[in-house]
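Using the hints provided, position chain B relative to the given structure of chain A.
2 protein chains.
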Amino acid sequence: MNSPIINPIFANLSLDRSAERPVYLQLADALLSMIRNGQVRSGQKLPGSRELAHLLKINRITVSKAYGELLTQGWLESAVGRGTFVSSHVADHDPEKLKAIAASPPKIPGFTFEANDYLQPILETALPDLHLDDGYPDPRLAPLKEFYRAYRNQLSRSGLYPKFGSYGNPAGPYPYRQALSDYLNTSRGFKTSPEHILSVRGTLMGINLVCNALINPGDVVVSERPGWRRAEHNFLHAGAKLIGVPVDEHGMLVDELRKICKQQKVRMVYVTPHHQYPTTVSLRIDRRLELLRLANEYGFIIFEDDYDFDFHFKHRPLLPLASADEHGMVIYCGSFSKSFSPAFRMGYLVAAENVIEHLAKVRILLDRQGDHVLDNAMADLLNDGTVQRYLRKTLSVYEERRDFFCNLLQTELKDIIKFSVPEGGMSVWAEFDPSINLEELSKRAFKEGLYLSDGKGHQYPEYQSNGIRLGFASSPLEDLTRSVEIIKRLIS
Amino acid sequence: MNSPIINPIFANLSLDRSAERPVYLQLADALLSMIRNGQVRSGQKLPGSRELAHLLKINRITVSKAYGELLTQGWLESAVGRGTFVSSHVADHDPEKLKAIAASPPKIPGFTFEANDYLQPILETALPDLHLDDGYPDPRLAPLKEFYRAYRNQLSRSGLYPKFGSYGNPAGPYPYRQALSDYLNTSRGFKTSPEHILSVRGTLMGINLVCNALINPGDVVVSERPGWRRAEHNFLHAGAKLIGVPVDEHGMLVDELRKICKQQKVRMVYVTPHHQYPTTVSLRIDRRLELLRLANEYGFIIFEDDYDFDFHFKHRPLLPLASADEHGMVIYCGSFSKSFSPAFRMGYLVAAENVIEHLAKVRILLDRQGDHVLDNAMADLLNDGTVQRYLRKTLSVYEERRDFFCNLLQTELKDIIKFSVPEGGMSVWAEFDPSINLEELSKRAFKEGLYLSDGKGHQYPEYQSNGIRLGFASSPLEDLTRSVEIIKRLIS
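Chains as they are written, first to last, in the working numbering: chain A, 1 to 492; chain B, 1 to 492.
Bound-form chain A, shown alone (with noise of 0.2 Å):
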């Protein structure tokens, strides 16, 4: 058989028989590298799989099947009897276009868009070995094998099916809310049942939430300040006008509360009452009381962030302010980031039952449900006890930090810092002497190998503090020595 007159251009296809990728799809790679660029053109008639297959001396199949593949991806068209054609579809469009693609996605995107001041960058600087951080826990005290353990048994007991076969209760899984609900109301004084409950993904969901199911634009949201800046992007970031109110050696200062209520309809006063953030004072019982009361008078949601209940020295906690909430009025969250590790991104919310309904709803919206395996394997390990001996062990170490570092810092640093033993939490809340420029500070220990804060973001143009937090618990004590030799020196 001779060959029937075919385009040269054709005969230039280069095939590399040695490659991995399969060579039909090569030949498809070159074919439609010559729709890009111009070469053959929109309604342009192609060889016959038989007359390119013995151009190029390969399978007449092989020549077929990248027509499939560029006709199924609708470069080309057929017509029966007639033969194959790059597509008419593709007549409009420049080659210049076509040839662009697979480029790298730009740098900066073809639409516009602006950020809040609010939004703050992400500083991937890791820790060093030597932190006096905001607050965190020692991972290196959790306990990782009964952990994972519990995990490979909620995945390998039945298997991901049924039971994770198909989508579930974006409050959570039924036992791991049972579990909960069990377990604080042993350690806090709850009541509650499962259907009080729901699971979220770390504290900072449990705020986002509550903000996109019950805040609207322009409500009035009251913090603490100092307060939590975090909490706070978030009450903008829903519209929310925020009020500051001032915080002293007994937590927020509910008068100033009241008055802002007799002025202005408050939708929500968002709260840190066990150690406040970031001064670590607890909110004391008579104001407790009264910021129950004021909410019931005035109808403002309390949001009570309790991130470190568990961490409490020597007394049992105060009871959270949930646990005196006899209208509903509050919205509690707790935490396991502080428990075991950041890294554990596991929290969770308590509320009014059709609350709770409300929030799932609005969670479907943001993430449809958590992690259901994990939170199953947590539920496993907070009915075996395994969360509370682990609890009642860490909080000894901490107690030994704690006294180890107020210890430290009341004999090296006591001429340049002023703090109060804390009666729980992770950490002190220093205040330095006005001659100490903190930014400077932190960034000449940074060099020497230790993190500390530079108070920035404690600063509201209301109030102004030379004051950081000192963690003191994810440091063994060797390390909180040396930790404290080094801003010794380097403000001596």
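Mixed in with the good hints, there may be bad ones.
Same chains, same label: a pair holds when it works inside one copy or across any pair of copies.
Computed list of lysine to any residue pairs in SDA-like fashion (alpha-carbon distance at most 25 Å, straight line) [unchecked claim]: (1) K361 / I243; (2) K414 / I491; (3) K163 / R149; (4) K456 / D415; (5) K163 / Y148; (6) K241 / F113; (7) K456 / P128; (8) K361 / V220; (9) K241 / N296; (10) K65 / S187; (11) K418 / E357; (12) K265 / R229; (13) K163 / L395; (14) K241 / E290; (15) K443 / A19; (16) K488 / E431; (17) K191 / A30; (18) K163 / E448.
Everything labelled a hint here was simulated from the structure, so no lab data went into it.
Okay, now just chain B, sitting in the frame of chain A:
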């Protein structure tokens, strides 16, 4: 020593030495109860610890510890040399109020809220053994052992510390973004680097995050009709004006979109080009190119939801829009929920570098960061090829199920349903004869042990159909046979 005069009410305090609860806490509870009941009043002096110990026949230290407990909690006050008193802070509070402490959270809260129509109740019906679902994967095929080994290795290789000892990048851990980037470049014709990638917890979080970061109230968002309601609910929740564009057998009618663009400013177009949801059709190449051209001309964002890229049969799938996006108009969203199981809440966004930076800042507000342990475990499975091998294996299983199922539909139900054999994905879009009431069929099927959608979610005022998705991928062949038998029996 004779007992001094002591208020007889204290003699009635009952303590149980055999109880598990420490005696000092029993005493603290009893005293607190007397304060709450008004039996002892604000300012009243309590017996000295020596006297009360004598009276109750307990150790004096036990009394001191009980007093210490209540002093810490603020219920008592002490004055040096004068004794211990009920705190003046509780003076203003009605004993009735104090009594109610530790009530169950009420069903209805003390604050009000409104729920929008699009917020749907949770249907917590577990799928029965037989189900023609929305298009779920079969997690029985998933590489579970490999997965939990990788998870354990992440936890134990170097322990949680220091790798997971503090917070990380909200865009996801770098090794995971690197592995994803390699995987996407190989499988989808992208040319990304880790900086173009942000890890999210499934497609819905990707959509929610983009709404939170890039959509303002009043912005116009265009989606397909019929389309994915959960995505649309997010647009509505963000305050967007939602406009639908009809879909035919080649996907979204891009000509209709052009008309809209000429009339008003469009901020974003949400599209499922690979296998349109719910109809499973593919967006034709000319419409793809035109969509990209329009985005560039009018400056709108294309949100490309590519939820089941990996499951395309016989031919290589059409490459995503994002692979041909030279101007950074596309935000691409992929997911492992449709590859592994809904229990794996893992997805990712791909976009221009500074869009990813912006999204990461907003993500901090949402949930701080994802589960970096899980992300890095998945990175290991991507890097060693486990994911890729699994997807190849699954693809052939699903193809067999598709062919078997479509054959069944054709032979058993051809008189009452119209459908096209889907080129990919995990479900068939089946349009039932108008004489069949799908809501009733769904209910009757459920009684027979078969889940079928009622199709309500696919109805719009301007788009009505009698179609539902029949997911075939999660069911073995014998289950598909039994499911079709049930439908046939019910409609005859």
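Results for each hint:
In this homomeric assembly, K361 and I243 come within 25 Å of each other (Cα to Cα) only across copies, at 23 Å, whereas the closest approach inside a single copy is 29 Å. For the identical chains of this complex, K414 and I491 are intra-copy neighbours only, at 12 Å inside a copy versus 85 Å across copies, given an alpha-carbon limit of 25 Å. In this assembly of identical chains, the alpha carbons of K163 and R149 lie at most 25 Å apart whether taken from the same copy (18 Å) or from different copies (20 Å). For the homomeric pair K456 and D415, the shortest alpha-carbon distance inside one copy (22 Å) is at most 25 Å, but the shortest distance between copies (71 Å) is not.
For the homomeric pair K163 and Y148, the shortest alpha-carbon distances inside one copy (18 Å) and between copies (17 Å) are both at most 25 Å. Taking the shortest alpha-carbon separations for K241 and F113, both the intra-copy value of 23 Å and the inter-copy value of 18 Å come in at or below 25 Å. Only within a single protomer do K456 and P128 lie at most 25 Å apart by alpha-carbon distance; the minimum there is 20 Å, versus 55 Å between protomers. Within a single copy, K361 and V220 get their C-alpha atoms as close as 24 Å, and across copies as close as 24 Å, so both meet the 25 Å cut-off.
Proximity of K241 to N296 under the C-alpha cut-off of 25 Å is restricted to the intra-copy arrangement: shortest distance 21 Å within a copy versus 37 Å between copies. In this assembly of identical chains, the alpha carbons of K65 and S187 lie at most 25 Å apart only when taken from different copies (19 Å versus 67 Å within one copy). Taking the shortest Cα distances, K418 and E357 never come within 25 Å of each other, neither inside one copy (46 Å) nor across copies (39 Å). For a Cα distance limit of 25 Å, the shortest separation of K265 from R229 inside one copy, 23 Å, qualifies, whereas the shortest one across copies, 35 Å, does not.
Within a single copy, K163 and L395 get their C-alpha atoms only as close as 36 Å, which misses the 25 Å cut-off; across copies the closest is 23 Å, which meets it. Taking identical chains as interchangeable, the C-alpha atoms of K241 and E290 lie at most 25 Å apart only when both belong to the same chain, with a minimum of 23 Å there against 43 Å between chains. With identical chains, the CA atoms of K443 and A19 are never at most 25 Å apart, being 53 Å at best within one copy and 56 Å at best between copies. Only within a single protomer do K488 and E431 lie at most 25 Å apart by alpha-carbon distance; the minimum there is 15 Å, versus 77 Å between protomers.
With identical chains, the CA atoms of K191 and A30 are at most 25 Å apart between copies only, with a shortest distance of 19 Å across copies and 70 Å within one. Within a single copy, K163 and E448 get their C-alpha atoms only as close as 51 Å, which misses the 25 Å cut-off; across copies the closest is 21 Å, which meets it.
Hints 11, 15 from the list above are not met by this structure, while the remaining hints are.
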